[in-house]
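Residue numbers (full-length UniProt numbering), protein chains in the order written: chain H, 1 to 385; chain D, 1 to 385.
Be aware that one or more of the hints could be misleading.
Copies of one chain are not kept apart here, so a pair can be met inside one copy or by any two copies together.
Straight-line C-alpha distance at most 27 Å; calculated BS3-like pairs for lysine-lysine [claimed, not checked]: (1) Lys376 - Lys355; (2) Lys21 - Lys43; (3) Lys65 - Lys306; (4) Lys134 - Lys75; (5) Lys40 - Lys101; (6) Lys64 - Lys134; (7) Lys43 - Lys355; (8) Lys355 - Lys40; (9) Lys373 - Lys353.
None of these hints come from the bench; they were simulated from the model.
2 protein chains.
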Amino acid sequence: MSATPQLHSLDSLIANALSGKDLEEFNRIHYGRTDHHVIKVKKNSQDVASNNDFEISAYAFPAKKEDTRAPRVVKVGVIQHSTAAATDRPTTEQRQAMFNKLEKIINTAGDEGVNVLCLQEAWSMPFAFCTREKHPWCEFAESATDGPSTQFLREFAVKYNMVIVSPILERDEAHGDTIWNTAVVINEQGKVLGKHRKNHIPRVGDFNESTYYFEGNTGHPVFDTKYGKIAINICYGRHHPQNWLMFGVNGAEVVFNPSATVAGLSEHLWAVEARNAAIANSYFTFGINRVGTESFPNEFTSGDGKPAHKDFGHFYGSSYVTAPDGARSPGLSRTKDGLLIAEIDLNLCRQIKDKWGFTMTQRLDLYADSLNKATKHEYKPQIIS
Amino acid sequence: MSATPQLHSLDSLIANALSGKDLEEFNRIHYGRTDHHVIKVKKNSQDVASNNDFEISAYAFPAKKEDTRAPRVVKVGVIQHSTAAATDRPTTEQRQAMFNKLEKIINTAGDEGVNVLCLQEAWSMPFAFCTREKHPWCEFAESATDGPSTQFLREFAVKYNMVIVSPILERDEAHGDTIWNTAVVINEQGKVLGKHRKNHIPRVGDFNESTYYFEGNTGHPVFDTKYGKIAINICYGRHHPQNWLMFGVNGAEVVFNPSATVAGLSEHLWAVEARNAAIANSYFTFGINRVGTESFPNEFTSGDGKPAHKDFGHFYGSSYVTAPDGARSPGLSRTKDGLLIAEIDLNLCRQIKDKWGFTMTQRLDLYADSLNKATKHEYKPQIIS
């Protein structure tokens with residue numbers, strides 16, 4: 001399977017090829033609703049997007065009216081983007097170039113009234129872990145509390161009264177200068193509400209991340225923000241349903257999956273995993289993936305027997321949102337920077353729990369017991385022969 | 001969302017609408033491979049299928065060659081079908097009509113060299129649980145060991161040297177005449193190797209199954225057959241990733257999901273859940289769903305505020321297989337009986353575990369501990385505010 005950055009998106013391919021009843025049927029079966037509930041964005045937002053070469057899409061996910069609770073409608077935004085400066089420039093310059101690019105997209109999100117914004121994994125740096133070089137890439141690691149990325153974003157948080165989730169490479173000075181893959185949650189007052197560290201670390205192909213950081217030690221925190229209960233399942237953690245499950249057990253209503261993943265490895269899994277998690281756990285999920293191809297100064301190999309090379313595969317973007325009832329939006333582009341906005345009613349989470357009963361029927365006690373037994377060294381699998 | 005039995009399948013819609021590079025790209029991103037690896041079936045099989053109005057499709061899922069293990073190629077078949085007699089006929093007559101219909105399809109599977117065959121959920125009866133009537137539907141319940149369905153199938157097992165999974169309504173005389181939703185595993189010698197009872201029981205819409213039987217008490221058995229390690233996740237259990245997980249922990253290489261589910265409720269989830277399970281657990285999954293609309297003698301309501309009626313929604317078939325690498329086959333029809341055959345190399349399971357590392361990185365000890373805490377009455381979710 002080869003990377004093909006040319007195709008805009010699978011969604012646009014289908015929308016162009018089908019029409020009338022066929023398109024309606026495709027939408028019903030594939031997306032879970034015949035109509036995408038497109039929301040019109042402001043003329044100014046569209047202009048900024050055009051002038052700065054990013055895409056902007058917005059969709060609504062309403063819920064039924066209730067007698068006992070008022071609607072809890074929030075606007076959630078996610079941003080996918082490519083890097084902004086060559087990887088042989090000083091790390092400080094690379095990061096500043098990223099800040100300059102993101103500023104325009106974040107302002108657009110703010111103008112559109114986005115309440116909660118999440119950026120992509122390790123958003124302020126190239127995804128250099130493929131190189132397995134420590135220098136200079138470890139220089140991108142920064143304090144969760146007051147590093148440059150947090151400083152940069154908290155101003156927008158205050159300006160737009162917005163919660164921002166900032167996935168960065170974290171440096172923990174208080175614990176041996178260790179490095180972590182971390183999502184920082186900045187509240188609408190610009191304060192760091194807390195952080196979550198990536199629970200599952202890949203060792204596959206160009207994703208040599210275990211060279212740099214360990215499995216996260218922050219559990220499965222849910223952040224009770226002004227705009228609902230949010231959590232973050234970072235990148236490779238999306239392959240592990242039990243990771244998604246614990247965020248649900250802890251009460252999450254929205255779970256972000258900030259990612260960096262490439263066409264040859266995972267593109268056919270992308271539409272499946274975050275969506276399955278939304279269904280299984282009755283919450284909203286947002287899959288966010290960077291875009292573009294990143295090139296590095298020195299050649300590296302990818303553990304696949306192929307010759308050394310200098311570039312990562314194609315990050316295919318395609319960020320999308322799934323509601324607790326399994327309905328999903330079309331994805332952002334495979335090739336361009338983009339801002340995806342979803343106007344969601346959080347009441348839908350409990351409504352779907354009541355309707356489908358997945359939390360009632362999940363038998364967590366059975367699995368607590370089974371996993372407890374299964375992790376013992378002397379465990380004998382339940383095999384009948 | 002309305003039921004639309006007219007559309008043959010989403011897969012055929014796309015295959016007709018796209019061509020050339022576009023179709024290739026769609027296949028790559030959606031199915032996980034550009035080519036479906038179609039296997040030609042015998043002329044005679046195709047004739048029997050045409051004459052008896054069922055579909056037959058076959059696909060290959062090969063693996064890499066290994067130095068240490070020979071290929072373990074097995075042919076797995078699944079059958080989807082509608083009922084064969086009106087529901088006001090005696091239950092014995094209804095079941096016999098089903099046997100007569102199935103005989104032709106099972107013989108075709110045998111002629112094609114299928115090694116392991118799985119039927120749909122409660123295959124020998126209409127899915128009458130929507131009625132909440134105990135009489136006469138409980139009459140379909142039968143002994144797993146030597147009930148009519150087991151007697152009927154064991155002859156084919158011996159004749160074709162074939163393992164057959166038979167999901168039935170079970171009557172357990174030894175335990176208070178209780179009823180269970182059970183899959184019986186008959187080995188290639190016609191002996192009952194064991195059984196598994198549905199772990200998660202729905203209470204949604206027409207699926208009033210908790211009126212008839214409890215949650216299964218057989219754990220997560222994996223059956224070590226002549227043709228590989230198989231397990232069965234019955235119907236609604238597909239919504240629970242932890243159920244799929246435990247079959248994987250116990251070593252399953254193939255997990256069947258015999259189901260009965262309708263268009264209005266779940267059609268947009270169908271392509272997501274069993275596929276996600278194959279990806280997360282590095283095994284093959286087969287989703288099997290009955291077809292057609294079933295009508296009952298007395299009217300019933302569906303818990304949705306709508307007037308009483310006599311028919312279930314449309315069972316949309318669409319049975320499909322997913323490999324451990326996430327590649328999937330097109331689905332069988334939404335409207336016709338069908339036999340789906342997959343020639344799979346079981347070596348692919350471990351190859352993908354080695355490549356993606358999901359079993360290495362799944363941190364089961366963390367989740368055993370987390371779930372153990374979460375199921376305590378005094379549990380306080382990990383919420384940061």
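Evaluated hints:
Taking the closest pair of Cα atoms, Lys376 and Lys355 come within 27 Å of each other only across two copies (25 Å); inside a single copy the shortest separation is 37 Å, beyond that limit. In the homo-oligomer, the alpha carbons of Lys21 and Lys43 never lie at most 27 Å apart, since the shortest distance is 31 Å inside one protomer and 35 Å across protomers. In the homo-oligomer, the alpha carbons of Lys65 and Lys306 lie at most 27 Å apart only across protomers (18 Å), although the nearest pairing inside one protomer, at 57 Å, exceeds that limit. For the homomeric pair Lys134 and Lys75, neither the shortest alpha-carbon distance inside one copy (39 Å) nor that between copies (48 Å) is at most 27 Å.
Within a single copy, Lys40 and Lys101 get their C-alpha atoms as close as 24 Å, which meets the 27 Å cut-off; across copies the closest is 54 Å, which misses it. Neither within a single protomer nor between protomers do Lys64 and Lys134 lie at most 27 Å apart by alpha-carbon distance, with minima of 52 Å and 34 Å respectively. For the homomeric pair Lys43 and Lys355, neither the shortest alpha-carbon distance inside one copy (39 Å) nor that between copies (47 Å) is at most 27 Å. Taking identical chains as interchangeable, the C-alpha atoms of Lys355 and Lys40 are never at most 27 Å apart, the minima being 31 Å within one chain and 44 Å between chains.
In the homo-oligomer, the alpha carbons of Lys373 and Lys353 lie at most 27 Å apart only across protomers (22 Å), although the nearest pairing inside one protomer, at 29 Å, exceeds that limit.
Checked against the numbered hints given earlier, this structure breaks hints 2, 4, 6, 7 and 8; the rest are met.
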